[in-house]
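**Student:** Work out the full structure: start from the sequences and follow the hints.
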Amino acid sequence: MQAADEQSGLHLTTIPGWRRSLAEPPAPPALLNAADYARLPGIERDAYDEARLDHHARLLVVATSAVRHTVTCGRRLVLLNRHAISARRGLIVSGPAGTGKTIAITQLGRAHELLDRARHPHAGDRIPVVYITVPPAATARMVAAEFGRFLGLPVRSRLNITDIIEAVVGVLTDTRCGLILVDELHNISLTSRTGAEVADTLKYFSERIPATFVYAGIDIEHSDLLSGTRGAQIAGRFTLITTQPFPYGPEWQGLVATLEQTLLLHAHKPGTLTGLDRYLHDRTGGMIGALSHQIRGAALDAILTGTERITRKGLDTVPLDHTAETTRARAKAGPSR
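Using this note's numbering, read the sequence shown as starting at 411 and increasing by one per residue.
Since the hints were made in silico from the structure, they are not lab data.
Worth double-checking, as some hints may not be accurate.
To be verified - Label-pair distances were calculated between CB atoms; the ranges are: (1) Asp464 / Ala533: 32 to 40 Å; (2) Pro564 / Leu432: 20 to 28 Å; (3) Arg688 / Arg618: 50 to 58 Å; (4) Thr572 / Ala473: 23 to 31 Å; (5) Thr652 / Glu617: 24 to 32 Å; (6) Pro680 / Asp731: 21 to 29 Å.
The beta-carbon is built from N, C-alpha and C at its ideal position, and this holds for glycine as well.
**Tutor:** Structure, rendered in structure tokens:
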């Protein structure tokens, strides 16, 4: 039971996991100079290296333009919906995989919850934010159960969907939930009966719970979720924000510089990565997820191999996701004839 509780604390889709994600990351270890590092006894050196590995393994959240825009739009909608009785407005964040959609909506959730805590410092029973993901091939009951799982409600097989919905609505109304984040929305298809039922269930939740709903998914604007009668209802109430791969330019260069400043490597020469920012853009296709993975992976390799620096050769050895590798292969091949 204890192991299960510890594992639940790692997932955003539970209250313990969500609240754990709000905590500030531990301070990075101080970077020793070469002489002090060489004098460290074996056990202390291992502990120091492990702390650096843990530091580089953590995902650094960068306040990109997409994140800032999502937080601003989301906060505006929460305020506009504060006194709405019905027809509350929502937000959809859509774009290709790896363009920072989940980071954007979770940063909105973080901002909302921290502000709520500041406004109600002694109200420990509040649940300001809910975060769920839509499972593949989801049914309406499965989505309702995701809400229950986040809240820690016992979702037993004998409970029907109405029982689950009523329990969820009751808890979230009593605990003053103000923001509901629904990720992986692309797992819903309105062309199927089950998909339509899922959409209807989310709509019903939005009508019963006085909160702002924020959806995120892959290329939602090109899916069937905004077409037909049900889609028209969504399109008429939700603002759409699109995320895209970053073009090569000042913001991309700033992202590379920011990530380079976080490195804790003894032999790394500052400016090496900023000098490779064009290569990094070509390699990752401008995807922030791939960029973070490549640099953090190369930093881990630099510590594990003892080279203590990142080079283009080291970056090349870090395999990226299929999308990034495919984009790179197309770029190398040049325009098709």
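**Student:** Does the structure break any of the earlier hints, and which numbers would those be?
**Tutor:** 4
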